[in-house]
Each structure stands twice: as structure tokens, then as C-alpha cells.
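Residue-level listing of the chains:
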Amino acid sequence: MLAKRIIPCLDVKDGKVVKGVKFRNHELIGDIVPLAQRYAAEGADELVFYDITASADDRVVDKSWVSRVAEVIDIPFCVAGGIKSEEDAARILEFGADKVSINSPALADPSLINRLAAKFGVQCIVIGIDSYFDEDTEEYKVYQFTGDETRTQVTKWTTFEWIKEVQKRGAGEIVLNVMNQDGVRGGYDTVQLSKARKICKVPLIASGGAGEMAHFTTVFKEADVDGALAASVFHKQVINIGELKEYLRDQDVEIRT
Amino acid sequence: MVPDSSKDTTKEQTNSCVVIIDTGCANLSSVKFAIERLGYSVTVSRDATVLRNADKLFLPGVGTAQEAMKNLAERELIELVKNLTQPVLGICLGMQLLAEFSAEGNVATLGLIGGCIDPMPGEGVRLPHMGWNQIEPQQDHPLFKDIPSGSYFYFVHSYALAVGSDTIATCTHGAPFTAAVNRDNFYGVQFHPERSSKAGAQLIKNFLEM
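Those sequence lines, one after another, are chains Z and Y.
Taking the numbering used here, the leading residue of the first sequence gets 1, the next gets one more, and so forth.
Taking the numbering used here, the leading residue of the second sequence gets 1, the next gets one more, and so forth.
Fair warning: there could be bad hints in the mix.
What the hints assert, rightly or not - Across the chosen pairs, the derived CB separations fall in these ranges: (1) 141/Y / 249/Z: 49 to 59 Å; (2) 43/Y / 33/Z: 18 to 28 Å; (3) 149/Z / 174/Y: 39 to 49 Å; (4) 224/Z / 100/Y: 34 to 44 Å.
Claimed, not checked - Covered stretches of chain Z, going by a simulated chain Y footprint (3 or more residues, C-beta under 8 Å): (5) 111-122; (6) 127-136; (7) 205-211.
Calculated directly from the structure, the hints in this document are not laboratory data.
Each residue gets a CB set at the ideal place from its N, CA and C atoms; glycine is no exception.
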């Protein structure tokens, strides 16, 4: 059976790993390669690198570190940030990334998803979605340019309409990041993720809110996501990935050990 | 992260000429790094002489069958690959290219192993088949030496080869399909050994030591 995936996310800014609370106040966590190696050794199933400055600063992720990661890491990894064209994606994949994740540029030009899927196959095209639940309107809305709070803006898309749209265009996987929960460790938004699950036929990855081991069990069992992504609990060693996987196996979650 | 023990054998292993066929596909470097982590040196090439003189060859692939066959044709590699007599390991799309035909773009492929590549049946499961899944290898096949049944490997694909007479390992996602295949000197794996942690490294090592 296909195992549920545990995915540490490394937010990269200026070549270093950082982490903010609710996308703000980024603090330095450390160098990319040693942290990636540590996670792989602990049993991470996959890594995601988000260059959170890239889209906002109108530049492509510095590709030299992608190659350094590929050299030492023997699990799959995905690179996100500022990939706006087939050429950008080709470069990242050539340097050894397994997938590319597109967020703001797909919102600016949805046909980019079609072009990337046609050229590289849907399996390496991940769409990242930053979703915010507006309590006043009770709507789930997609946000753009979340790497830079001065440029962050709401889009015309509701989260669920966008999830449908990107699948039509060739998304091979969707990472749904719930901005309300990001970095606050209060648990994944299983209500929103369950709703997304119903309309998401491709693999769905939960992001935002992990704070303790039980949150992972809950999101796998209640929202049936394919993977759970987390950052601060792993960076700050609140949760050890090896221990988390043993715990999940004891909870009868299908997991690679 | 190369362990010291593998460095000791580097001298001997560099005599073995390992070549990755430069198909123009995108995941060449991750395969290259995985081979190098085992202490081997490796060349990426599309040069006919280099390919013919290799001891072991890898045929990697990411993308679509149509695009990959187009690349092979443009590089005049189709007949050359078909006539190779050394061990060749196709990875993911590289394995699919070894089959007779691919429904992904309706393109004739190399025909070095039996069967056709069809879309995976999607009933009750999500596609692409993406993530870590367990395989059941044929017992005593040298490619799976020291790899126990039920080992997890990393898969990313939407098309697959049905289980057939050349199948040497199976996997199940909705329905069973071919996880690994072998006919004569041609080997193929649907998963990505270069991204399958220790089990994947063992498989590459087995292939290189054949």
C-alpha cells in the first residue's frame, strides 16, 4: 500500500533556511544541506524547499544549492519559488530536483500549468496553494505573493474553485497551505482539508498547523491526505521524524519505516 | 556522505565504465549523484562510441514517452540502444521506453521487453501514483539481492506496464503492475532507485555488481 508521506518543508531565503510565524518575522534556522541530510537520515519521505523570496523579488531560486542537495540526498525533493516558465522548471529539474512547485506564477498565468505538464509530465508539477479562511465572509480564498507580506494579496479565486482549475490544467499534486494555521502549531485544518479532499483527485498534501504528533494522525485519518508537511516542529526538534513515524505506525497509519 | 568503506573500493570500480545515456530528459543528475554516492565514477553521454564501449548503462527518463522517443530519434540513439549487449537499466520512463508501445502519446517504443504501457486504472486510487510503495520481487533475482519483499520504493507515474512474462517485481496501486522487468541484458524499474533511500542504493549497487 502507498505510504502516507511525512514532508519537512524548508523555507529558503537568501540561501539559508528560515521560518516565520504566519508567514512573517522570518528567523534564521540554518544551512540548507546539513538540515536536508538530517531529515533524510531521520526518515523523512520527501523534502520541500520553498524559496519564499523568489516570487516576490521577481527572480528564480539560486540553483546552485539545488544541485548540492541532489548530490547528498537519496529521497525525493521538490523546489518551489519563482518558477515562471518551462526554462525555469527545466533548470531546476536538471539540477536534480524531482518536482517543481508553482504557486503565484500559476495564478498570474494559469496556462503555465498546462505548458509545464505537457513538457515534463504531470507527475513533477506540484501546485502550491496558500488559502486563507475569511471568518467574516466564511469563504476560503487563495492568496498570492505570500513570501513578502507587503505584496501579499487576495486573488479572485476561492480555494476550491482553484483546486478544480489546476487539476484540469495538469497539476500532479496539490499542497494546500492553510495560512490561518501556519506556524502556530494548533493542528491542521482538517475541516478545510476534508473539503479539499472531496474534489482533489490527485495527491493532496496538508500544510500549516502541525504542533504535536497527534495532529498528524488526525489529518491522515480525518482528511485522508497523502502527505503532511511541517516546518517548525521539525526545525526546532519539537518532533523527531523517526519517533513520529513509529508513533503513526502504532496508530495504524500506513507509513514507511 | 560517502562512507569510507566504499572509497576503499573506488580504485577497482573506476575500471568499470558506467554511462548514463544522455536522453535530454531532466533527471540525469540525480541518477548520476546516486551512482557516485556508491563510489563509482560515471559519464553522461550521447556519443555512440562511448555508449558502445560502456560496461553498464543507465537509461533514465522524466517527462512523456513521446518527448523521450523524439529526443532519442533526434540523437540517433534508437538503433544504437536496441543493439546494446551490455546490461542496461531503464529507470521510470526509461523502463517504459523498453516496452513495445506507449499509450502516452501513442508512440512506438523500443520493443526490448514485452508489453505495452497503458494508463493506470484510476478506480479507487489517486493518480499519479506518487509516493513510497511496497514491492514484491521475484525471489533470488540478482537485481533484488539483499532487498526483502515488502521494501518501500519511491514511485511517480501515471502509466504502467501490466504484469507479464518479463516482470521480475510487482507493486499494487489499485491493480498490480510491473515494478521491475528483465529480458536478456535489458532491465527496467518503474520506481526511482536514485530517490529510494537505502533500498534504492542497494538496487543500483546490485546492478553495478552484476
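Tested hints:
1. 141/Y / 249/Z: 49 to 59 Å: Violated - the Cβ-Cβ distance for residue 141/Y and residue 249/Z, about 28 Å, lies outside 49 to 59 Å.
2. 43/Y / 33/Z: 18 to 28 Å: Given range 18 to 28 Å: holds, Cβ gap about 25 Å.
3. 149/Z / 174/Y: 39 to 49 Å: Since the Cβ atoms of residue 149/Z and residue 174/Y sit about 43 Å apart, the hinted range of 39 to 49 Å holds.
4. 224/Z / 100/Y: 34 to 44 Å: holds (37 Å)
5. 111-122: holds (count 5)
6. 127-136: With 0 residues closer than 8 Å to chain Y, the segment 127-136 of chain Z misses the three-residue bar; violated.
7. 205-211: Coverage by chain Y is violated here, the residue count being 0 at a Cβ distance below 8 Å.
Violated hints for the displayed structure, listed by number in ascending order: 1, 6 and 7.
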